[in-house]
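Here is how the chains run, residue by residue.
There are 2 protein chains.
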Amino acid sequence: MPLDLGAKGSCQIGGNVSTNAGGLRLLRYGSLHGSVLGLEVVLPDGTILDQLTTLRKDNTGYDLKQLFIGAEGTLGIITGVSILTPPAPQASNNVILALPRFENVLPLYKTVKRQLSEILSAFEFIDRTAYDLAVKHGQGRALSEEDVEGAECFVLVETSGGRREHDEEKLNNLLESLLEADEPLINTGVMAQNPAQFSSLWALREGVTEAVSKEGKAYKYDISVPLSTFKECVDLTRERLRSKGLLNEAQVKAVIGYGHVGDGNLHLNVIAKAYTPEIQDALEPFVYELVASHRGSVSAEHGIGAMKTHALHYSKDETSIAWMKKIKAIFDPNGIMNPGKVLE
Amino acid sequence: MPLDLGAKGSCQIGGNVSTNAGGLRLLRYGSLHGSVLGLEVVLPDGTILDQLTTLRKDNTGYDLKQLFIGAEGTLGIITGVSILTPPAPQASNNVILALPRFENVLPLYKTVKRQLSEILSAFEFIDRTAYDLAVKHGQGRALSEEDVEGAECFVLVETSGGRREHDEEKLNNLLESLLEADEPLINTGVMAQNPAQFSSLWALREGVTEAVSKEGKAYKYDISVPLSTFKECVDLTRERLRSKGLLNEAQVKAVIGYGHVGDGNLHLNVIAKAYTPEIQDALEPFVYELVASHRGSVSAEHGIGAMKTHALHYSKDETSIAWMKKIKAIFDPNGIMNPGKVLE
Chain A
0 MPLDLGAKGS
10 CQIGGNVSTN
20 AGGLRLLRYG
30 SLHGSVLGLE
40 VVLPDGTILD
50 QLTTLRKDNT
60 GYDLKQLFIG
70 AEGTLGIITG
80 VSILTPPAPQ
90 ASNNVILALP
100 RFENVLPLYK
110 TVKRQLSEIL
120 SAFEFIDRTA
130 YDLAVKHGQG
140 RALSEEDVEG
150 AECFVLVETS
160 GGRREHDEEK
170 LNNLLESLLE
180 ADEPLINTGV
190 MAQNPAQFSS
200 LWALREGVTE
210 AVSKEGKAYK
220 YDISVPLSTF
230 KECVDLTRER
240 LRSKGLLNEA
250 QVKAVIGYGH
260 VGDGNLHLNV
270 IAKAYTPEIQ
280 DALEPFVYEL
290 VASHRGSVSA
300 EHGIGAMKTH
310 ALHYSKDETS
320 IAWMKKIKAI
330 FDPNGIMNPG
340 KVLE
Chain B
0 MPLDLGAKGS
10 CQIGGNVSTN
20 AGGLRLLRYG
30 SLHGSVLGLE
40 VVLPDGTILD
50 QLTTLRKDNT
60 GYDLKQLFIG
70 AEGTLGIITG
80 VSILTPPAPQ
90 ASNNVILALP
100 RFENVLPLYK
110 TVKRQLSEIL
120 SAFEFIDRTA
130 YDLAVKHGQG
140 RALSEEDVEG
150 AECFVLVETS
160 GGRREHDEEK
170 LNNLLESLLE
180 ADEPLINTGV
190 MAQNPAQFSS
200 LWALREGVTE
210 AVSKEGKAYK
220 YDISVPLSTF
230 KECVDLTRER
240 LRSKGLLNEA
250 QVKAVIGYGH
260 VGDGNLHLNV
270 IAKAYTPEIQ
280 DALEPFVYEL
290 VASHRGSVSA
300 EHGIGAMKTH
310 ALHYSKDETS
320 IAWMKKIKAI
330 FDPNGIMNPG
340 KVLE
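If you read the sequences in order, they're chains A and B.
Read in order, the letters of the first sequence correspond to residues 0 to 343 in numbering that gives the first Met the number 0.
Read in order, the letters of the second sequence correspond to residues 0 to 343 in numbering that gives the first Met the number 0.
Every clue listed holds true.
Here are some, though not all, of the chain B residues that point toward chain A, as calculated from beta-carbon distances under 7 Å: (1) L48; (2) D49; (3) Y61; (4) L66; (5) G69; (6) P86; (7) G263; (8) N264; (9) S296; (10) G302; (11) V341.
Calculated from the structure, these hints are not laboratory results.
No experiment lies behind these values; they were computed from the predicted model shown.
From the three backbone atoms N, C-alpha and C, an ideal C-beta is built for every residue, glycine too.
So here's chain A without its partners, still in its complex pose (with noise of 0.2 Å):
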C-alpha cells in the first residue's frame, strides 16, 4: 500500500481516499491523488458512479474520481477503491539526526535529499520538548545524554530500497559525510542497527501523540507551512500564550512541534492541564492567521469535518469557497452527505 498512517491498524479504505489521508510516507510514494486509480462512488440520488478502472494512464475527459477524494464524504459515498501499489522495499533503515539548531533543518533536508535520493522514505522533525516529552513518557529508546546534550531539534531519516548492502552504504556515507563536514549541521547521528533498533527510533516520532495524551489535553493544530518557519510557528505561538499569561504548570505546560518535514506539515500540539475558553481565544484565530500569513494549510492532513469549517477560509479564497458550494450544490442539492461537513 502506497500509504502508512498511525491508524493503519483500524481506518479504512474507503475514510482514507475520503479524507485524503497522507501519512508517514507520502514523501515517497505521493498522494492518492496520484496513486488512486479509479473509484466506485455511491451519489446521494443512489446513482453509482462508476470511475473503477485500474489504469493508469486514460484521459478521456474530466477526472471526476478526483473531486471524492478528500470530500469527506459530503458529496457522496466510496464503495470502491482502485489503488496503484509499488513493490514493496526490500530493506528499510532510520537514522536519528540531533541538530544544535533549527537552522540547519532545511540545509540538512537539501543534502539528505541529494545523496539518499531515491531511497528517501521519510524525513520526520521533532523540536527537543516532543523528544523530551516522548521520552518522559516511554516512547521508544532515549539517547544517550551525550547524544542529546545541545540539541534543539531532532531529524528521523528513513531508507527503504531494493538491495540492503547498497542502501546502508549509502545511509553510512551520509552519516559520515555530516559528521566530518567543516561545519557539521548535526551534533551526532545514531542509526538503528537491527529491527528492534529501527523500531524504538520510529516510537520516539510515533509516540510523540501517545506522550501528548499522558501529558495532559491537547490543542492540536495540523497546519502545512514553509519549512523554514516550523520553529517560528511554534516559538509566536508559544509567545502569544506567555504575553497573555497562560504559559505555566497550572494552565499551558507545553507548546511543541513536529511532523513530517519533506511535507512541509508541522504538528503544532499546545498542551495543557484543561481546556478553557481563555487558552482557545488566546489560540484562535491568531493560529489561522499565522498560517495564512504564510499561505499554508490550517488542515494539512486532518481536513475539515465539523470543528473546521469557520477556518477554511484561511486557506481557500472567497472564489475557491463559492465553487466548492456550486460543486456540493449539483452533486448534493439537499444537504444529505455527511451534513455540517466541510461546508457550513
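Given the structure of chain A, go ahead and fit chain B onto it with the hints provided.
Okay, now just chain B, sitting in the frame of chain A:
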C-alpha cells in the same frame, strides 16, 4: 521536471497540464494529478480561481484544481502551475532486451520491477514490426543480426538513480540472472556502454513515431489495455484488416504495437499507403469495441479533442458522461471554452 515527453522541445506547461500529459517516465514519477501542487485558472467569466499553492499537503475542502488537469481547456485556461520536482537522477542507464515470445513480457516486467525496484524509470515495449521499421528508417543503431534473430519483440529498460556504481551493479545482476535462468525470458540483452549508446537505444524506441510517418499515412490509436492483451490487440487489428482484404502494399502496409508497458499504454499504429474510407470503416468502431471489451481507455494520454468525442462512450459510462456535462455546464454555461472539444 517529473514529466518527459517527445514534445519537450516545443510543448508548454499549461498545455501539458491541460492535457494531463503522461510521457516516458510516468512509471517513475507518477501522473500530474499527483505532482501538480497548485494551479491558477482563469474561468470563462474572467474570474481568477487561485489555487496556486505550493503545499504538498492541503486538506481544506474539494481539490478543484484536479478538474482542470486533463480538461483540455474546456473549463478554464490554466495561467499558473506549481509542480513538485524530484531530485534529478545522478545516473541513468539502459538496456534493450530481445524476447523470443510476447508471452514473456509480463513475467519479465515482474522480474525487472522486483530487481530494479526504485531505480526503474522506464519499461518500453516495441514489437518486431515496429523495431524493423525504426531500423529501416535509420532510427537509433540497429542491433546485430545475431542479437535480433528469433526476437518477436523488444523491451527497453531504463534505470535512473542516485549512485552510478550501485545502479550499474543492479542492472548487470539483472541481465546476468535473466540470461542464466533455466528457461530464459530473453534471447539477449544489449546494455549501453556510454552516453552515445544510451541515446542510440532510446532512439530505437522514440524513433518509431518518425519511422511511421516516413513509411506512410498512419491511423494512430493511443489506448490503455491490460498488458497481457497488447499483442492480441495488434494481432486482431491486423486480422481484421486482412479479412477485409486491406492488408497489402497498396493499402495497409503494416500494423505495429509499441508503448509504455509499465503504464498499460499501447500505441497501436496502422500504416497505410493513403487514408481511405474503407480502412477507416474497418478500424472504427472495431478498435474502440476491442478496447471497451478489455475495460480499457480509448485515449490513454492523447485526450479526446474534437476527433474522439464520438468515442468517449467506449471508455466512460452514461452516468460519468452526464456528470461531465453537468460540470461543463456550471463552469462554462455559454460553451465558449474550446467549443467542440471533449464533449460533443
